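Respectively, the protein sequence lines represent chains A and B.
Residue numbering for the first sequence follows UniProt numbering, beginning at 1 and increasing consecutively.
Residue numbering for the second sequence follows UniProt numbering, beginning at 1 and increasing consecutively.
What the hints contain is simulated information worked out from the structure, not anything from laboratory work.
Every value quoted in this text rests on a predicted model; they were computed, and no experiment measured them.
Hints may contain errors.
[What the hints assert, rightly or not] Listed next, the in silico DSS-like pairs over lysine-lysine satisfying Cα-Cα at most 30 Å (straight line):
#1 A:Lys194 <-> B:Lys406
#2 B:Lys464 <-> A:Lys15
#3 B:Lys19 <-> B:Lys81
#4 A:Lys133 <-> A:Lys165
#5 B:Lys19 <-> B:Lys74
#6 A:Lys194 <-> B:Lys160
#7 A:Lys179 <-> B:Lys464
#8 B:Lys38 <-> A:Lys194
#9 B:Lys382 <-> B:Lys436
#10 B:Lys81 <-> A:Lys194
#11 A:Lys179 <-> B:Lys350
#12 A:Lys194 <-> B:Lys436
#13 B:Lys7 <-> B:Lys450
#14 A:Lys179 <-> B:Lys450
#15 B:Lys460 <-> A:Lys15
#16 B:Lys436 <-> B:Lys413
#17 A:Lys194 <-> B:Lys23
#18 B:Lys160 <-> B:Lys35
#19 B:Lys23 <-> A:Lys179
#20 B:Lys460 <-> B:Lys406
#21 B:Lys35 <-> B:Lys23
#22 A:Lys194 <-> B:Lys14
#23 B:Lys382 <-> B:Lys7
#24 B:Lys14 <-> A:Lys179
#25 A:Lys120 <-> B:Lys38
#26 B:Lys160 <-> A:Lys15
#27 A:Lys194 <-> B:Lys19
#28 B:Lys176 <-> B:Lys23
#29 B:Lys406 <-> B:Lys9
#30 A:Lys194 <-> A:Lys15
#31 B:Lys176 <-> A:Lys194
#32 B:Lys350 <-> B:Lys416
#33 A:Lys165 <-> A:Lys120
#34 A:Lys179 <-> B:Lys81
#35 B:Lys470 <-> B:Lys7
#36 B:Lys350 <-> B:Lys413
#37 B:Lys350 <-> B:Lys382
#38 B:Lys470 <-> A:Lys194
#39 B:Lys450 <-> B:Lys14
#40 A:Lys179 <-> B:Lys35
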Amino acid sequence: MTSETSTRPSPARPKVGLFVTCLVDLMRPAVGFAAARLLSNNGCDLAVPPEQTCCGQPAFNSGDRDDTRAIAEQVIATFEGFDYVVVPSGSCAAMMKVHYPELFAAGSNWRDRAEAFSAKVFELVSFLTDVLKIEALDARFEASATYHDSCSGLRELGIHDQPRKLLSGIDGLTMTEMKDPDICCGFGGTFCVKYSDISNAIVERKAANITASGADTVLAGDLGCLLNMAGKLKRDGSAVKARHVAEVLAGMADTPAIGEG
Amino acid sequence: MLITAPKFKENAAKALVDKSLQKALGNVERGFVAKRAKAAAALPEFDALRDAARDIKNHTLENLDLYLEAYEEKVTAAGGKVHWASTAEDARDAILDICTAANARTVTKGKSMITEEIGLNDHLEVNGIHPVETDLGEYIIQLRGETPSHIIAPAVHVNKEEIEADFRRVHTHLPKDRQITEPTALLSEARVVLRQEYFNADVGITGANFLIAETGSSIIVTNEGNGDLTQTLPRVHIVVASIEKVVPTLEDVSTILRVLARSATGQDMSVYTTLSTGPRRPEDPDGPDEYHVILLDNGRSSMLGTEFQDMLRCIRCGACMNHCPVYHAVGGHAYGSVYPGPMGAVLTPKLWGIDQSGHLPNASTFCGRCESVCPMHIPLPKMMRHWRERAFEAHQEPAAQRYGLKLWAFMAKRPKLYHLATGIAARVMSLLGGAKGRLSSLPLAGGWTKHRDLPAPETKTFLKQWAEGKR
Ligand code: SF4
């Protein structure tokens, strides 16, 4: 028996391409470093292709099919050689996993490539739990936090229990549920600037629910939502801090929170 | 039907500061969301029923011509008459002709969105016929000279204090000192007033939740029983329905009914489910002498075979708007269409043109909560996106917006250029953010900074720092 196990090659470290997302790249590099650490520390052969830009959502949701397709082709070509493509954002991951194939005509070469590619795409936290089968992470974060379910991650990728499970194992962290954690924060990409008054009414409610939860920190898996919620909380003078869940899971939450100096 | 959808933004701005509207909108969440969730959870096969309901409608839509012809045959065999109307105008004319032939002065009406769609009440009134809405919500908004703000709760935007004031204003024949502060008292007063109207009416007009090809019957579901009186007491009964209401069999209807009320109000079933098949037969104790069905197309057949076909599965349960954060914020009237909320954002551009209603499919965060509760599994965000595509292809959005998007896409396709630009942006924003780490205003970002601070980035982008070896 022992000879059989010893002669078997150890499972290769999966080759993982990290797609940091345009928002993380520009607005919150800390999330990228946290994602990179989580992946490297958990047995992945990590690479960050330098030619990455954006997943194309702004064009997609503005009805600009041609540009979306061109951007998707570029992302697929850059990342299709990896075993997995990991994204610290539910909405960008859903764009690549759910919507990329729909951009190409059935039966076309690009459709086949898009489908093969999309099968490899995972949102970061669900990749840790569902693919790497991680049950708990070794990190510490002194806080009481509440988790906001970002819409695309929740409804397009079914991300709900995974972050809660990993967060519940973090030393020093108490989790509490806010009212309506699954209701939109009002970000919606370009929606928040095109219909800013409506977006504001929605994020006002979200901020009120966060505050009412009594938590000192709000966590989420999408930077867009976090910028929106943090921006509202800060404008209102709230002391509640906002962070990406990856920062906490990676034990890298000692930096200033989102929107703090 | 005049729509104000082009003024969506102005409508929304008004709605957001309308205190009594905001108070009433609380009822949408309180009244519907938890009840639907409870009803869905209580029925283990709920999701299987949703799949079955979707499949029934898909099958029907694939064979729509067949089922419509079968339905017409059965209606005719039962002694009724089907009038095909391809436009709203055709439908109005057909209804007016029937009313005129019946010498009608008063028409009672059951709750019907389709008669709102064709603007029937105004048309009857200018032709000297008095329409009386018999559904309580519809009656209230008729008194107020308004349109429905919700497809199943037309007066959900009105508070009970406002209703009391309206009743006192209109029901001047009733004692001034009567007590009508409680909802039940308002309901009984409406009942008393309406009772006489049922007897006065020459024609009763109802919508239909379903038309059954197998039997030639139409079905309405109501909670007040007003529909029954509307269709049995007058001499003439007119059913107004759009073509996608047809389903093959009674069995099919019973499947869909099991998801309809649960999705709408959280009831297992609506209180009344009423079938009507043709005029009164000699052995019937009651019923109309004439039975007409107006089958309205109004653009629906042109949705078949397109990316909008799935929308024709809609059973008008209202769940999508009940769960919509935008609807919760601004209410139904802001949409400026007969159909508000997510389903309205898909249907309105079809009925009144995307040039008139471009805001509607755009004013969505694509949170997807509507699709997640739609009993018919209609991919509402996807169809709103299809409208955005049509608008984009027609160059409808403001030039600055298009230019901005095109410039961004140009860069996103050229990584070197893109990284140069993000590098500069990071430095500038970080500088402006200063020690506070956030910006309270930023040129060109007024839409954001009007209501929120903008968290400032670090001085260098992630990719730059990564390339420099930071880990
Ligand atoms: S789109 Fe779906 S949820 Fe909305 S009214 Fe129609 S059936 Fe109901």
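Status of the hints after comparison with the structure:
1. A:Lys194 <-> B:Lys406: Given pair Lys194 of chain A, Lys406 of chain B holds - Cα atoms ~17 Å apart, limit 30 Å.
2. B:Lys464 <-> A:Lys15: 22 Å, holds
3. B:Lys19 <-> B:Lys81: Answer violated: Lys19 of chain B to Lys81 of chain B is near 48 Å, above 30 Å.
4. A:Lys133 <-> A:Lys165: 12 Å, holds
5. B:Lys19 <-> B:Lys74: 51 Å, violated
6. A:Lys194 <-> B:Lys160: Roughly 34 Å separates the two Cα atoms, so the pair is violated.
7. A:Lys179 <-> B:Lys464: Roughly 39 Å between the alpha carbons, so the hint for Lys179 of chain A and Lys464 of chain B is violated.
8. B:Lys38 <-> A:Lys194: The given pair, whose Cα atoms are some 35 Å apart, is violated under the 30 Å limit.
9. B:Lys382 <-> B:Lys436: 40 Å, violated
10. B:Lys81 <-> A:Lys194: Given pair Lys81 of chain B, Lys194 of chain A is violated - Cα atoms ~49 Å apart, limit 30 Å.
11. A:Lys179 <-> B:Lys350: Violated, at about 37 Å.
12. A:Lys194 <-> B:Lys436: OK: Lys194 of chain A and Lys436 of chain B at ~27 Å, within 30 Å.
13. B:Lys7 <-> B:Lys450: Measuring from Cα to Cα gives roughly 21 Å; hence the hint holds.
14. A:Lys179 <-> B:Lys450: 26 Å, holds
15. B:Lys460 <-> A:Lys15: 27 Å, holds
16. B:Lys436 <-> B:Lys413: Cα-Cα ~34 Å, so violated.
17. A:Lys194 <-> B:Lys23: At roughly 25 Å apart (the allowed maximum being 30 Å), Lys23 of chain B and Lys194 of chain A satisfy the hint.
18. B:Lys160 <-> B:Lys35: 21 Å, holds
19. B:Lys23 <-> A:Lys179: Since the Cα atoms of Lys23 of chain B and Lys179 of chain A sit roughly 19 Å apart, the hinted pair holds (cutoff 30 Å).
20. B:Lys460 <-> B:Lys406: 25 Å, holds
21. B:Lys35 <-> B:Lys23: 19 Å, holds
22. A:Lys194 <-> B:Lys14: 17 Å, holds
23. B:Lys382 <-> B:Lys7: 24 Å, holds
24. B:Lys14 <-> A:Lys179: Holds, because 27 Å separates the two Cα atoms, which is no more than 30 Å.
25. A:Lys120 <-> B:Lys38: Roughly 37 Å between the alpha carbons, so the hint for Lys120 of chain A and Lys38 of chain B is violated.
26. B:Lys160 <-> A:Lys15: It is violated: about 63 Å lies between the C-alpha atoms, which goes past 30 Å.
27. A:Lys194 <-> B:Lys19: It holds: about 24 Å lies between the C-alpha atoms, which stays within 30 Å.
28. B:Lys176 <-> B:Lys23: 28 Å, holds
29. B:Lys406 <-> B:Lys9: 24 Å, holds
30. A:Lys194 <-> A:Lys15: 40 Å, violated
31. B:Lys176 <-> A:Lys194: 49 Å, violated
32. B:Lys350 <-> B:Lys416: The given pair, whose Cα atoms are some 42 Å apart, is violated under the 30 Å limit.
33. A:Lys165 <-> A:Lys120: Holds - the C-alpha atoms of Lys120 of chain A and Lys165 of chain A are around 23 Å apart, at most 30 Å.
34. A:Lys179 <-> B:Lys81: Not satisfied, since the Cα-Cα distance of roughly 53 Å exceeds 30 Å.
35. B:Lys470 <-> B:Lys7: Since the Cα atoms of Lys470 of chain B and Lys7 of chain B sit roughly 50 Å apart, the hinted pair is violated (cutoff 30 Å).
36. B:Lys350 <-> B:Lys413: 34 Å, violated
37. B:Lys350 <-> B:Lys382: Satisfied, since the Cα-Cα distance of roughly 15 Å is no more than 30 Å.
38. B:Lys470 <-> A:Lys194: 37 Å, violated
39. B:Lys450 <-> B:Lys14: Answer holds: Lys450 of chain B to Lys14 of chain B is near 17 Å, not above 30 Å.
40. A:Lys179 <-> B:Lys35: At roughly 17 Å apart (the allowed maximum being 30 Å), Lys35 of chain B and Lys179 of chain A satisfy the hint.
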